[in-house]
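Chains as they are written, first to last, in numbering that gives the first Met the number 0: chain E, 0 to 646; chain P, 0 to 332; chain Y, 0 to 204; chain C, 0 to 182.
What you were told as hints is all true, and nothing was included just to trick you.
As a list, the in silico EDC-like pairs of lysine to aspartate or glutamate whose alpha-carbon atoms are at most 20 angstroms apart:
no. : chain 1 : residue 1 : chain 2 : residue 2
1   : E       : LYS28     : E       : GLU570
2   : E       : LYS582    : Y       : GLU12
3   : E       : LYS635    : Y       : ASP153
4   : E       : LYS635    : E       : GLU570
5   : E       : LYS19     : Y       : GLU12
6   : E       : LYS24     : E       : GLU570
7   : C       : LYS150    : C       : ASP99
8   : P       : LYS160    : C       : GLU159
9   : P       : LYS71     : E       : ASP555
10  : C       : LYS128    : C       : GLU116
11  : E       : LYS582    : Y       : ASP9
12  : E       : LYS12     : Y       : GLU8
13  : C       : LYS128    : P       : ASP320
14  : E       : LYS559    : Y       : GLU8
15  : E       : LYS28     : E       : GLU569
16  : P       : LYS332    : P       : ASP225
17  : E       : LYS19     : Y       : GLU8
18  : E       : LYS559    : P       : GLU68
19  : P       : LYS71     : E       : GLU558
20  : E       : LYS12     : Y       : GLU12
21  : C       : LYS150    : C       : ASP21
22  : E       : LYS635    : Y       : GLU167
23  : E       : LYS559    : E       : ASP548
Hints listed in this document are in silico derivations from the structure and should not be mistaken for laboratory results.
So the chains spell out like this:
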Amino acid sequence: MTPAERAKQPPAKVPRDGPKLTGPKLEEKLAETWSNPPGFIGWLSSVDHKDIGRRYVITALIFLALAGALAIVMRLQLSKPDNDLIGAARYNEIFTMHGTTMMFLFAVPVMQGMQIYLTPLMIGTRSNAFPRLNAFSYWTYLAGGCLLWVAFVLNIAPDIGWFAYPPLSGPQFGVGKRADIWAQMVTFTEIAALAAAVSLTATILKQRAPGMSLARMPIFVWATLVTSLMVIFSMPSVALASSLLLSDRLVGTHFYNPAENGDALLWQHLFWFFGHPEVYIIFLPATGFVSEIVATFSRRTIVMYPIVVMSLVATGILAFGLWVHHMFATGLPRIGYSFYTAASMSVSIPTGLQIFCWIATLWEGRPRLQVPLLYVIGFIFTFVIGGLTGVIIAAVPLDLQLHDTYFIVAHFHYVLIGGAVFPLLGAITYWYPKATGRMMSETLGKVSFWMIFLGFQLAFFPMHIAGINGMPRRVYSYPAGMGLELPNLLSSIGSMVVAVAVLLFVINMVVSLRGGLKAAPNPWGAPSLEWATSCPPPKYNFPHIPVVDSRTPLWDAGEKMSVVHGLRVEERELLLTTVMHAKPDLREPSAEPSIWPFIATLATTVMFVSSIFSPWAVVIGAMPVIIALTAWFWPKSPAPEREPVIS
Amino acid sequence: MQRGGAYLSLCVTSCAGVQNAFGGQGAEDANFVRLFAVFMVVCTVMYLIVSAALVIAVWRRRQATRTIEDRKHHETSAATRPALIVWTVLIAVGLVGLTIASFFTDRSNAANGSKPRLSLTVTANQWWWDVEYNSPDASKIVRTANEIHLPVGVPAQVTLKSNDVIHSFWIPNLAGKQDLIPGRVTDAQLLPRKTGLFRGQCAEFCGVQHAQMALDVTVESKADFDRWYAAQLQPGRPPANPLQLAGYRYVTTRECSSCHNISGTPAGGHVAPDLTHFASRRSIAAGALPMNRGNLYGWVADPQSQKPGNHMPTVGLAANDLHAIVAYLEALK
Amino acid sequence: MSLQPSFIEDVSELPTHAFSYRSLTWWGIIGFMVIEGAAFALAIAAYFFLMSQEQEWAPRPWAPPGLLAGTLFTLVMLLSEIPNTMIKKAAESYGIGMVRKLLPWMVGIGLLLFVIRGFEFNSLNVLWYDNAYGSIIWALLFLHTTHVATDWGDTVVLWRLMRTPHGEDPRRLVDTDENALYWRFVWLAWLPIYVLIYWVPRLFQ
Amino acid sequence: MSLRCPNSVLALAMIAALCSCDREERQTRGKPLGETIPTVASPDTIFPGRATPPPLDPRAAQYEGNASAIAEGQRLYNWMNCAGCHFHGGGGMGVALMDDKWRYGGRIDQIAASILEGRPNGMPAWRGKLTEQQIWQLAAYVRTLSGQERKDAVSARADEVSNTPPQTQTKREPLRPADSDQQ
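Given the sequences, and given the hints that come with them, work out the whole structure.
This is how it looks when you write it as structure tokens:
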């Protein structure tokens, strides 16, 4: 029988979910099909999006704690003028590690971790599109993080800033292997981010529940789609830039060598072409969190859904057009700068519209002041200050005074902590019951919210004053008598308060694992699909793939939830739907757990780390990587001919 | 508007310091303070609108809401759309206004710097500033380090170069910062309006001692500037007593002469700051230490403890050599 | 699930594979093509950025790269589209025999291309550490070589796979179809790079 | 993965760590303050017959394979205009430093002695012109010109006009005293 005829075979008689096979019997068989293999190897080879998402978020929070501790050390050093708590070289290492860890190892991965965990649940499917690619993405991210922090422990941490401008990071002034480790870490993390982004994009476009057309997708899923596309277009820029830097430092190419007609600004263009979209890659998922939380806690849908979605898309596109506002002081032609001033100003319009829609939703609904909504309100108060200081530094004459001063440090902490970490803490509180089956404590939640909100203002508002009083960025100490003593002391105290507040939040997370109230499947009475499954969701997410006919499925579902059936039970299978209107299209076998993504990461790690020392490592190291990838993609032996493979 | 900007700057910072963006002593910085005031007014108004809307939205208790509880969670009140249009227009008008204000300030800054009557070249090195007053007559070229003297009211064109990594030339009281990039030549315009002693600092991370790479800026009357300029043209003062002579001999024959230059003596190294009129400066080692005898002793004896990682080695001087060198250096007014 | 399910549609009739945009792996391949396309576009932008820094491109005394190897490479690559299209057509019409016959040809063409690429590296007339011009020329050629290598490796694995019983599964035909699509991207990406490496340095001589 | 294997991996990592640690060691002051007075004894470079050379100077360990010392040496090589005579190792008026012939010894302490004391036919004595630490840094850099240095401690190029193949690509050459073959 040729494959052609086999393609038209009628469906074989295999156990399938449906009216005849439903309820606990079905769930027990599905749980067995979708479970991980036993033991430590099984744990390593898990491809369940919930495992990978949880690992991403927990690893990112650990890196947040580590980088937060470094921030406290920096604040202690800066608490009084001419302080000698830590020396200059050590301080430069610490601020580089703080910035690099926060941007590459915490902010982007935690957002992608939440997206990997939530997207399949919110669009009603059983797994991410390329499960093994997701597992490889997490292991590569972990390898990149370990490389950087092992280097920090071994006293060869990079000390060139999180943006590594050559010639300081170049072969002559970037002494030893510090800058190579930074550049190799960037290669790791952006391979991880790209892999996750490709998987998320395919999941959202092809695996939405039947009936969930693009106009009925939850806004967080829209934010995930826009962020993933931004990752796909911006990360290659830093990949190319760091590879060119590595080749400058290893084999003596002249990309950034001004004496041989290379140019230090080539790096800045390539880096910030990635750099600015990256801060929106961190911010847009946070707007997705805010939209979900505002909708649930106002007890109504988001006002003017199309405006919010178009704002997301507009922010995503505009983000690629304003990277030169990081380079206003580099002496480029002034007429070019005025274009980038206008572009930087215009990017605040879509965000302004989103804020209007959130406030209108609160206005129309009856807001319930629980911890997630408190974080959203804290977000709006804090982020708008950051947004407005952003408008201020978009103007060239103002930026020439404020660039690379503590005013900028205040600005980006307002938009990153205020704009992304507050919604993240709200989102963790909001989805914690879904992930663990327990509620986080409300009182401890409120205490840590108020501490982090007020501590944040105390820590970062004085930095505006320090910046105007002439304190440049990345200085390990400052002289007395310049009016910097009070702002820096206040900032140091505030940062301690924030540290304690984050500690309280973590305690709340750990204690509630066992001590928290048991959570019902939909504790907040939320509208979206992920609250249709139990808390925590089973391995296969949905026994039957739900059908969606509005933007708020659970609120409009009545007492019966319409579903489709007919997917196989003893094989991992999920439903593919068309891109625009999500009409059922194909049954797609989902990949089995496999150890090979982990081994592929080990091989890639050996290749990358050894290529810091010799260019031949890239060629020799590629062999094990090819072997691992082949084994990864090699299809498992077909089930005994009980059932023709295609049906 | 002029008084508003000044009042705003006073109430925001306790006092306008020597390195303060709200000082307003330079033409460009005065423009900055005015434009900053305009931006602060517009931004504060927008912030109050958002905060008020948020507070009212959260705290108003009214019955007829459109929520899931009363099955109206999809409906939106009619007033929302016009409110959105008004809000969008408000943002757009605000931003266009601010952008135009920014462009006019740009033009004013460019106009201030268009007819310079003084030309300097500042070359940044890892962790000090090499300053050179250009002049068509080669004998009138003054070379100094880590300090700039400017006549008040005279627009100065500063050509910026770098010998190693990217630095940033920033004197907040006078003007915005401009980067010094190896392989490129950029420029900055300074137009001081008020006399005074100011301090500039490198604002782009440039290595281990980025924090201690400052320069002293003195804006003085034209007469004082000419007097200073004439003094700078003179070669280094010869030693006046035996101790200074011993110091002279050490400095001009031993390690110091390999890197430093003192005009009129055999010491001719140009890879370190020029010491011809060292004692006339206000600070040592690019603003790291104020200029006094104690700091001079500390710096010459062991520069690595004051500014660890900088390129001046600890020579390990015997005590009498140290006394002689300090005596000689103090005489180089 | 807290709510009782009401079954409204049976999807067991749906096929488990499809070609082009209906297949999930097609979107994955498109994702990777966009990533590599962005990387090539930025490398080309860097090429023009560095070009603007120099007074003359292919700066004196370096001669522009020799044309023979590069043009031969481009020719063979364009010719390789013929078997490539045949494989794609065969895969889409479930012609597994034809696919098994043509894949070795693609692997062979890949090897031939590697040999020619070796001569190309030799005929660049500049070393990567001579100057920024040499660096970017070598970087573009190296980037494209890794691109050809990855797809050639994929084709070899596919060739071995199609010889095993797994080849019978139409999903593997979908993989062949997408691999052929990826090969088209590989030589499409080569055309601008070919012009930049071999012809632009000649413009200013 | 049995428990034993991670331990051996850990041990390997620690060993790799130790050697990398001193590559990145940044001691800004050559010697503790107390004994900065230059020592008198300098290793004699000419020794009769083929007797084995005196033991290596203890200071060598501080400078050999130390990336920051080599980088400082590279800076001093330009600042003190060594390139004026030695060019970038190719030699001109001064002897070539890239080849493996060392008339006065190619070991780091012998190179330091040549810089300190000067050599006939034009090599000036830098005693008193450079501090001892600077001379040892220069010697550490000169050693890399002839490919004697480990590849992970040297820099691939300087931000200068490209003049020599990258040091990370030059083959490590064994050390042959010049008198071992008849000129």
